[in-house]
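**Student:** Full structure from sequences and hints, please.
Chains S and A, in that order, are what the protein sequence lines are. The first sequence: position 226 = 225 (numbering that gives the first Met the number 0), numbered continuously. The second sequence: position 366 = 365 (numbering that gives the first Met the number 0), numbered continuously.
Honestly, I wouldn't trust all of these hints.
Short, incomplete list of chain S residues facing chain A, as computed with Cβ under 10 Å [stated by the list, open to error]:
hint, residue
1, L3
2, T4
3, L14
4, F21
5, E22
6, E27
7, H197
8, N220
9, K298
10, P302
11, C323
12, S365
In case anyone wonders, no lab produced these hints; they're calculated from the structure. Every residue, glycine too, gets a C-beta built ideally from N, C-alpha and C.
Number of protein chains: 2
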Amino acid sequence: MDPLTSALLTDFYQLTMLQGYFEQGMEETAVFELFVRELPAERNFLILAGLEQALEYLEGLHFSAQELKWISDRFSKPFAEYLSRLRFSGDVHAIPEGTVVFPNEPLLRITAPLPQAQLVESRLINLVNLQTLIASKAARCVIAAPNKFLVDFGFRRAHGAEAGLLAARAAYLAGMDGTATVLAAPLFAIPVFGTMAHSFVQAHEDEGMAFENFAHAQPDNVLLLIDTYYTEAAAHKVVGLAARLSQAGLRIKGVRIDSGDLADHARKVRAILDDGGCPEVTIFASGNLDEHALERLVKDGAPIDGFGIGTRLDTSADRPYLDCAYKLQEYAGRPRRKYSEGKATWPGRKQVYRHFDQQGRLRNDSLTVETDLKPGKPLVNLVMRGGKRIAAPEPLAQIRERCAVEISCLPEPLRSLDSPAPYLVIVSEALQHLAASVDEATCSQKTSRAG
Amino acid sequence: MDPLTSALLTDFYQLTMLQGYFEQGMEETAVFELFVRELPAERNFLILAGLEQALEYLEGLHFSAQELKWISDRFSKPFAEYLSRLRFSGDVHAIPEGTVVFPNEPLLRITAPLPQAQLVESRLINLVNLQTLIASKAARCVIAAPNKFLVDFGFRRAHGAEAGLLAARAAYLAGMDGTATVLAAPLFAIPVFGTMAHSFVQAHEDEGMAFENFAHAQPDNVLLLIDTYYTEAAAHKVVGLAARLSQAGLRIKGVRIDSGDLADHARKVRAILDDGGCPEVTIFASGNLDEHALERLVKDGAPIDGFGIGTRLDTSADRPYLDCAYKLQEYAGRPRRKYSEGKATWPGRKQVYRHFDQQGRLRNDSLTVETDLKPGKPLVNLVMRGGKRIAAPEPLAQIRERCAVEISCLPEPLRSLDSPAPYLVIVSEALQHLAASVDEATCSQKTSRAG
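**Tutor:** This is how it looks when you write it as structure tokens:
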């Protein structure tokens, strides 16, 4: 049972429902859409990410012999046999990864026999929620610190290994420059960065000796951590070392500051480096950073060239989840709508049309039913038919380029980190008519008391 | 490259430091301790969890051929050859899982050749941070709702698959009754629960028919979701159905409410069920719950028998990370101490002695150096010697029992969900002397400016 690809990566109620569908022969086509109910107060937009992993999951979906054994101990034998043949054979429509998206827009639509479409709910939400969450947070960092070098440092406090790896992917996708997480490099072809921790300095008897040893061991990657003891004293050591290293043809690329008042230390260190004839040595900062800290440091004019952003990025610390849902929109050709208080959904198969102003900035979206053709740029496309992708996986670099364009097209109010700015998503008349007609049918549920 | 066990699940700086250690022949014994710097404002105590996964990781640590290929493209060949032989051969001391712990206490101590002890930092923090975070949150839910049936519902919004699985383990360890995450059952032997989602009801033309079909498909597990349309109307259907099912020898165990004012709905539904001759049908509630919501519902006397707690538990939403650190305490027999502003650490190999009052409740802890024997219950024990465990993995059920005792021994102020309550961790004189002597040696770093 592979912990990342197992068909048992689902909620138990999916299995009990599947047994019910199996016994009733309910296998007609179901349409589910994955969407975000509302934006967190701390976000003006979201960056969609995670589609690639969602498609990989659907392509590989099957129950292993060991999993079927576990199931047949708890469910009927015919049901276990039925599951042994289950594969994902449906269609997937989606908005491309790296796109700016808003509440109620169908990020992903699954059209498949009801049991298949039901089973995959838990893992699809799990994958799309995480990466969309992190990409949206990372985009805010990119907006806060334009032209700064931004690296994901968050693996250690990410929620497990998969979270750290997918956070590295989502952060790079959204415009950051790379990650410190090694395994993300071979898995996703993301640039990887890192030089030394405090322990490297502490393990040496002398800080200057630690710097010198590191420079000889990693001559192309000399970025020295200078806050283990006294930051400015260490900066003076860097100046002395730079002169001696240059005689050996070696160059110090930069220093990193990881504690204290980063702006204040950076100014003092910049002065020491410049006075010492090292204007080319860059300053990199880290330590409890997020988009708000970046914005303050940049507005302050702190002489910092790059930032490592860790825990608060990889956990999306101010808002560690999205209000993601995956809801039945249609079954056996009939539109459906959930009516629970505060959680009503728009029924049917939907499309989003995006409108831009004359400068190419986002103006508004229209949410409508798929058959209601509208002007504007349609966002939802077919990506998988009959369980097979209709195109090769999109390269991450291409998604990253799309995302950069998307962020550049955000209207100014939506780029604000602090002020909530609304974005108009028009609900079409056709969709409102559809919802009303579904509600009418639903009303009968109120009065009918018989089973 | 297995995404959950790869030796590349680390920060790139660990590899660059290891190359430096390799070139300098720095392989003497290092002592690192993993601890939490300070409690979040929202927590009065932590429950330690994740040790089992940390030990599994250390036991299995090695670089695969593919990983070595990746490394040899970026580092020297002799270094890659050196890494091909690297295994974890050190000792591990730890506090048992399920124990109540506080800041600065050594949760885990690694004593190993410097490169080994360095390499494992990132993944050890990653594993212990996550489970300790979730177990601590779950313990608060257990305190808020004593004698209620509590189930983890959070997989879908957990940060990836591993996060969801380990959250299920941590929540069960801390006293919850089970999880909805199927794969956690075979992996960790955790009870798994679930019946139906709204889509099951919506896929049927009629809500009552959905209930009836489910009862026949899952006769031992009839818990019906009643808020898809109109909660109280659905409760009346349940009453009607119960009578008919009982003729067939079937029993409705309970109903679930997932939206709206849970206390208000629960009261109305309870009355409908009781008036309808169904006093034995239980009420289960879910939807945006956390320990504060549980506390309010319990204090209100809402007639709810059990709760599903999802997103806010699995993401520890009010505080999605701990200030965990893994710091070098000693190298080559000499104690070390990091001095960065606001991040100074206590040096040396440490032990914690716990003191109890006459009622068996926690009174205070003493943090001291390992050689300074004190009265009280020592918390830190040897668990791995020379890379091998000294005992079989501790059964989860046993850890869960320990945790229940630990929670029962919390003094009343620490059990408060809202009021911060301090707990005294005395820093021994011996430890303060040691820190001062390390600082004295460190002072030389300030003035020495030569490399």
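**Student:** Could you run down the list of hints and mark each one as holding or not?
**Tutor:** We went through each hint and held it up to the structure:
For L3 of chain S, the interface hint holds, the least distance from its beta-carbon to any beta-carbon of chain A being 5 Å, beneath 10 Å. The beta carbon of T4 of chain S comes within 8 Å of a beta carbon in chain A, closer than 10 Å, and the hint placing it at the interface holds. For L14 of chain S, the suggested interface contact is upheld, since its CB lies about 7 Å from the closest CB of chain A, less than 10 Å. Among the interface hints, the one on F21 of chain S holds; its C-beta lies about 8 Å from the nearest C-beta in chain A, closer than the 10 Å criterion.
Against a cut-off of 10 Å between C-beta atoms, the interface hint on E22 of chain S holds, since the closest Cβ of chain A lies about 5 Å away. At about 9 Å, the closest approach between the beta carbon of E27 of chain S and any beta carbon in chain A falls short of 10 Å, and the interface hint on this residue holds. Hint on H197 of chain S holds. Least Cβ distance to chain A is approximately 5 Å, under the 10 Å limit. Because the closest C-beta pair between N220 of chain S and chain A is about 6 Å apart, less than 10 Å, the hint holds.
Given the 10 Å rule on beta carbons, the hint for K298 of chain S is violated: about 23 Å separates it from the nearest Cβ of chain A. At a threshold of 10 Å, the smallest CB-CB gap from P302 of chain S to chain A is about 19 Å, leaving the interface hint violated. A cut of 10 Å between beta carbons decides the hint on C323 of chain S: the least distance to chain A is about 7 Å, and the hint holds. For the restraint placing S365 of chain S at the interface with chain A, the shortest Cβ-Cβ distance is roughly 26 Å, beyond the 10 Å limit, so the hint is violated.
The structure does not agree with the numbered hints 9, 10 and 12 stated previously, though it agrees with the rest.
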